[in-house]
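Asks: Sequence:
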Amino acid sequence: GLLKRKKLSSAERAINVSPLKTTRADSVVIDVGPPADWVKVNVQRTNDCYEVYALVPGLLREEVHVQSDAAGRLVISGQPEQLENPWGVTPFKKVVSLPSRIDPHQTSAVVTLHGQLFVRVPFEQSDG
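Numbering (the working numbering), first residue to last: 132 to 259.
These aren't lab readings, by the way, just hints derived from the structure by calculation. In this text, a Cβ means the ideal position worked out from N, Cα and C, and glycines have one as well. One or more of the hints may lead you astray.
[Stated by the list, open to error] Below, computed lysine to aspartate or glutamate pairings styled on EDC-like, alpha-carbon distance capped at 16 Å:
(1) K224 x D157
(2) K224 x E194
(3) K224 x D179
(4) K224 x E255
[Unchecked claim] Estimated spans, in silico, between C-beta atoms of each pair:
(5) N178 x G219: 18 to 28 Å
(6) P217 x R251: 16 to 26 Å
(7) D162 x E212: 39 to 49 Å
(8) Q175 x E215: 29 to 39 Å
(9) R251 x V159: 38 to 48 Å
(10) T177 x Q213: 28 to 38 Å
(11) S239 x V159: 33 to 43 Å
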């Protein structure tokens, strides 16, 4: 019985890992305030930027805010207008610490109607 259980858990792990064309960035995501496990954040690194993907289902575009600073900190927060809602959508704030300096002025964010947030965070350009 133990052997079957081990096989099942490795199969479950295989399902959760999807192949990526880009490399995973060494980023850290922390919750500020109450944990919001319903918000999923994934960071990938490309040749010229970080791509941050977050699932924020149930929130409208104007209820999601993204801030960044040059040190590589990205703050994603959400504030639902309807605090009492049957979907369990709660206010949240997540801080994503990226491993290198970024250009906050060129950072762009898009939220789809399906609650998918995409943030493009370009690396800081050195004047050299």
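Asks: A separate judgement is required for each hint: does it hold in the structure or not?
Replies: The hints, checked one at a time:
| no. | hint | verdict |
| --- | --- | --- |
| 1 | K224 x D157 | 20 Å, violated |
| 2 | K224 x E194 | 12 Å, holds |
| 3 | K224 x D179 | 26 Å, violated |
| 4 | K224 x E255 | 24 Å, violated |
| 5 | N178 x G219: 18 to 28 Å | 38 Å, violated |
| 6 | P217 x R251: 16 to 26 Å | 33 Å, violated |
| 7 | D162 x E212: 39 to 49 Å | 21 Å, violated |
| 8 | Q175 x E215: 29 to 39 Å | 36 Å, holds |
| 9 | R251 x V159: 38 to 48 Å | 19 Å, violated |
| 10 | T177 x Q213: 28 to 38 Å | 36 Å, holds |
| 11 | S239 x V159: 33 to 43 Å | 22 Å, violated |
Hint compliance for this structure: hints 1, 3, 4, 5, 6, 7, 9, 11 are not met, and every other hint is.
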